[in-house]
Amino acid sequence: MTYYRAPQNKALGSPAIADQPDEKFAYFPAFVKVQGKKVVVLGGGDVAAGKLRLLMRSHADITVIAPELCDDIARMHANGKIRWESSPFVDTMINGAAMVFDATDNPHLTARVEAAAKRRNILLNVVDKTAHCDFIVPAILDRAPVMITISTGACAPALARILRQRLETVFPATLSNIAKIARDARETVATHLSDGLSRQRFWTRFFQKALRADSAEKITQDDLSHELRSFVPQGSSATVPSGQSLRLDVDANNAYDIPHGIARHVETADIIFHNDDIAPDILALARRDATLVDLTAATFDSEETLGKQIQFFTQQGMNVLQLCRT
Numbered sequence: 001m002t003y004y005r006a007p008q009n010k011a012l013g014s015p016a017i018a019d020q021p022d023e024k025f026a027y028f029p030a031f032v033k034v035q036g037k038k039v040v041v042l043g044g045g046d047v048a049a050g051k052l053r054l055l056m057r058s059h060a061d062i063t064v065i066a067p068e069l070c071d072d073i074a075r076m077h078a079n080g081k082i083r084w085e086s087s088p089f090v091d092t093m094i095n096g097a098a099m100v101f102d103a104t105d106n107p108h109l110t111a112r113v114e115a116a117a118k119r120r121n122i123l124l125n126v127v128d129k130t131a132h133c134d135f136i137v138p139a140i141l142d143r144a145p146v147m148i149t150i151s152t153g154a155c156a157p158a159l160a161r162i163l164r165q166r167l168e169t170v171f172p173a174t175l176s177n178i179a180k181i182a183r184d185a186r187e188t189v190a191t192h193l194s195d196g197l198s199r200q201r202f203w204t205r206f207f208q209k210a211l212r213a214d215s216a217e218k219i220t221q222d223d224l225s226h227e228l229r230s231f232v233p234q235g236s237s238a239t240v241p242s243g244q245s246l247r248l249d250v251d252a253n254n255a256y257d258i259p260h261g262i263a264r265h266v267e268t269a270d271i272i273f274h275n276d277d278i279a280p281d282i283l284a285l286a287r288r289d290a291t292l293v294d295l296t297a298a299t300f301d302s303e304e305t306l307g308k309q310i311q312f313f314t315q316q317g318m319n320v321l322q323l324c325r326t
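So in full-length UniProt numbering the end of the sequence shown lands on 326, straight run, no missing numbers.
Careful, some of the hints might be misleading.
[To be verified] Capping the alpha-carbon separation at 30 Å, the derived lysine-lysine pairs in DSBU-like fashion look like this:
#1 Lys-218 - Lys-51
#2 Lys-37 - Lys-218
#3 Lys-180 - Lys-129
#4 Lys-38 - Lys-51
#5 Lys-24 - Lys-129
#6 Lys-24 - Lys-51
#7 Lys-118 - Lys-129
#8 Lys-81 - Lys-51
#9 Lys-218 - Lys-308
#10 Lys-129 - Lys-37
#11 Lys-180 - Lys-218
If you are wondering where the hints come from, they were derived from the structure by calculation, not from laboratory data.
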């Protein structure tokens, strides 16, 4: 019997999954904390203005280097949103910066900026010049504090924008409110639910209810408090609720063909028992921290032995899913 992590962690996957052709990330997906940090934008035109409008959604300390400013950027400067350096560029202007954006469309200046950034180990983005970029900016669906980003690795930016536009209709504006309520209640929930698994169960249940179309706009902090009280019986804050076990038959060769209900169970399971005839991309729906159990080489004496193993996990508060191919 083989235990391994969910297929997103390729190095820990089963041989059947690890051997699949796998295109490596050209850019590692990450969010950079820029609060209170210096960010430099070179250029004073419309392209630079677009980057600045996005940067001003953060708490970065923004410096613009340009001999002249377009009207939009001039207003930003007049309103105290940015610092402006009108002198010709010299290397020391980017000292201490967390990142630099070059929106000048000036190859000679870009070469100087790139060299200066490399010497200082500063991340550089040259607008529309991917070959010179240390990082790229994805298409963004803004539901702050929730941020959903889409990237094609700079291969097809227009496609990323179209996908973002489609997702605008999928994720309600109320997603922001739900996330803020959860943020404000994190410490309270942690106090009542000291066990990590219990907290995971609670948040899953809360968000599933909160995201229903008929309640998303009405959800309040009081609703979360009520949900927490109903989740934690009086005097049993340390109790881990029992998990559930479920066996599902899968009649599909890929994740696109399975019913939404089955996909949801795969996504939320803590432990998944499966045979090697379950498609790898179906298993890839599992959480990264989920444990997958390959039964192909299992040494169970009987279904009863497997049942006892599943029962053991559910008693630990884990949700167990058994996937079988029909």
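Here is how each hint holds up against the structure:
{"no.": "1", "hint": "Lys-218 - Lys-51", "verdict": "violated (35 Å)"}
{"no.": "2", "hint": "Lys-37 - Lys-218", "verdict": "violated (37 Å)"}
{"no.": "3", "hint": "Lys-180 - Lys-129", "verdict": "violated (37 Å)"}
{"no.": "4", "hint": "Lys-38 - Lys-51", "verdict": "holds (15 Å)"}
{"no.": "5", "hint": "Lys-24 - Lys-129", "verdict": "holds (21 Å)"}
{"no.": "6", "hint": "Lys-24 - Lys-51", "verdict": "holds (28 Å)"}
{"no.": "7", "hint": "Lys-118 - Lys-129", "verdict": "holds (16 Å)"}
{"no.": "8", "hint": "Lys-81 - Lys-51", "verdict": "holds (13 Å)"}
{"no.": "9", "hint": "Lys-218 - Lys-308", "verdict": "violated (43 Å)"}
{"no.": "10", "hint": "Lys-129 - Lys-37", "verdict": "holds (24 Å)"}
{"no.": "11", "hint": "Lys-180 - Lys-218", "verdict": "holds (14 Å)"}
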